[in-house]
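Protein chains in written order, with this note's numbering: chain A, 1 to 153; chain B, 1 to 128.
Everything labelled a hint here was simulated from the structure, so no lab data went into it. A portion of the hints provided could be inaccurate.
List of simulated lysine to any residue pairs, SDA-like, C-alpha gap at most 20 Å [unchecked claim]: (1) B:K35 to A:F100; (2) B:K35 to A:G97; (3) A:K70 to B:T111; (4) A:K123 to B:G74; (5) A:K144 to A:I60.
Calculated from the model, a selection of chain B residues having no Cβ within reach of chain A, i.e. all distances over 10 Å [claimed, not checked]: (6) V22; (7) T55; (8) I96; (9) I125; (10) A126.
Yeah, the Cβ is synthetic: ideal placement off N, Cα and C, and Gly gets one too.
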Amino acid sequence: MSIIRYQVPQLSNWSSFDRLSSLRDEVNRLFDFSWPARDSGLFSGWSPALDVFDDKDSLIVKVELPGLKKEEINISLHEGVLTVSGERQRETEKKEGESFRSERYFGKFQRSVTLPTTVDSNKVSASYKDGVLTVELPKAEEAKPKQIAVSVS
Amino acid sequence: MNSTLTNPTSSDVAAQNGASRVNYLTPLANILESKDAYVLEAEMPGVNKDGLEITVENGELTIVGRRAAVEVRGRELYRESRATDFRRSFELDPSIDTTKISAKIDQGVLTLTLPKAEAVKPRKIAVS
Chain A
1 MSIIRYQVPQ LSNWSSFDRL SSLRDEVNRL FDFSWPARDS GLFSGWSPAL
51 DVFDDKDSLI VKVELPGLKK EEINISLHEG VLTVSGERQR ETEKKEGESF
101 RSERYFGKFQ RSVTLPTTVD SNKVSASYKD GVLTVELPKA EEAKPKQIAV
151 SVS
Chain B
1 MNSTLTNPTS SDVAAQNGAS RVNYLTPLAN ILESKDAYVL EAEMPGVNKD
51 GLEITVENGE LTIVGRRAAV EVRGRELYRE SRATDFRRSF ELDPSIDTTK
101 ISAKIDQGVL TLTLPKAEAV KPRKIAVS
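Just chain B, with the same shape it has in the complex (with noise of 0.2 Å):
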């Protein structure tokens, strides 16, 4: 462990920046692989169509999901959830379409349809 003395701990440094660095939960997610597409689900509760960033860059996806605000009513008495919002990063395989990923998200589950690119799809040659 280093010594708070000589080493300045992160959120130190962090305070002098000014900067805050922002915690998010990572959504659980479901990933299918089917000869056509990957389809990737995850979930967000707390989350719809306004809330949600996705990008794609470099082959990679970035999800998202900040929380629509709700009205807290009343005091807390008992409180499980978190008011975190949502990220998570996921590595693409090079053979997805990445123009042609299309998104839905019903009841804070996020679905993502990723396409395989044609040319990775088995093809018949015929022959002449």
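Bound-form chain A, shown alone (with noise of 0.2 Å):
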């Protein structure tokens, strides 16, 4: 009954293979780990996981992105469709030494959503916590759940 329809753009990184990634490791990690959203194939690149709810009065969409400082994400609201992108540095780049393991996506990163009803634009606020976004929109008021009194004569 899902009434939103969502885009994820295709994501041209190809995720460049550490050497010691091996393709078993790949199909392991298919079965135990909950993958987010991905488009296709088996090497997209990073596709955050995203919820959307709604609250009667505002639509609350939440995304996971652990690890990032706020000014490395973006929002935008554009004609209904909410954008959240950013990139992701690869910090470890700078650390010496060697990497064992290298499951963590790093790079940029887009979702998309078209909202399901109008909201407010100049009302939208955004919250980072412990790695998880959260922005909230204010349902515009024609959009708004209403009473309809009946009056009896």
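Work from the hints to combine the two standalone chains into their complex.
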């Protein structure tokens, strides 16, 4: 019954294979890990998990984005489509040492959601806590559920 | 495939015992090794310091991350994330000094520093 049409854009990053990451690990991981929604293929880029809730007067969109700084997250709203994007820098490049295991995604990410109701773009707010981004989008007045009184004459 | 008539499935047995198997998500991890220490990063969105449980036993490190309770506002229209807690175990290299392991968590990423024991580091021996 979902009335949301969401677009997961084609992420063209081919995640570079660390020399220690074997194919068997990749296949095992498919069964162990909960993958966030991915567009296609075994090796597509980072697609963070996204949830949408309807709280009567506002829509709430949550995206799981661990390990980012708030400056690295971009949120934009355009014609009823909310887009969360950004880039996670590979800070580990700077650290000395050898990479033993590399499962975390780095690089650019983008998720878009077509919102089911119109929202008041001036009142949108977002917070980032414990690696989860929460965007609150208050619905536009005409989109809020209204009670209609019935008069009996 | 075993017949369910003769061999009860594990979920039947569990139901009889009243036990339930808890499912955990495996957090994604990066492990780096430098000459002084190992650094382990584990991604656990929704987990903060209060939800973390890190134990070392018999050379095995276990990380459990319990998600902070978030009041779910409104009704779910679309859901990709899972409300499950995280758990992962690692076998430790014996060169790690387990008494000196330190941990910090920031925005859902746990960083563990596991220093190698002094004796293992290459040492120059002076000749008198």
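* Reported absence of A126 of chain B from the contact zone with chain A (all CB gaps over 10 Å) -> Its Cβ never comes within 10 Å of chain A, the nearest being 27 Å, so this holds.
* Asked: Taken at face value, is the distance from the CA of G97 of chain A to the CA of K35 of chain B at most 20 Å?
  -> 7 Å, holds
* Asked: Is it true that the CA of K35 of chain B sits at most 20 Å from the CA of F100 of chain A?
  -> 13 Å, holds
* Take a quick look at V22 of chain B and tell me if its Cβ sits farther than 10 Å from every Cβ on chain A, holds or violated. => Label holds. Min Cβ-Cβ 15 Å, cutoff 10 Å.
* **I96 of chain B non-interfacial with respect to chain A [C-beta, more than 10 Å]** => 13 Å, holds
* Asked: Does the no-contact call for T55 of chain B survive, Cβ to all of chain A over 10 Å?
  -> 20 Å, holds
* Given the hint that K123 of chain A pairs with G74 of chain B, test it: the Cα-Cα distance must not exceed 20 Å. => 18 Å, holds
* Given hint T111 of chain B paired with K70 of chain A - CA-CA distance at most 20 Å -> 19 Å, holds
* With 10 Å as the threshold, tell me whether I125 of chain B passes as away from chain A on beta-carbon distances. => Its Cβ never comes within 10 Å of chain A, the nearest being 25 Å, so this holds.
* For the pair supplied as a hint, K144 of chain A and I60 of chain A, confirm whether the alpha-carbon distance does not exceed 20 Å. => Since the Cα atoms of K144 of chain A and I60 of chain A sit roughly 14 Å apart, the hinted pair holds (cutoff 20 Å).
Every hint, counting from the list given before, is met by this structure.
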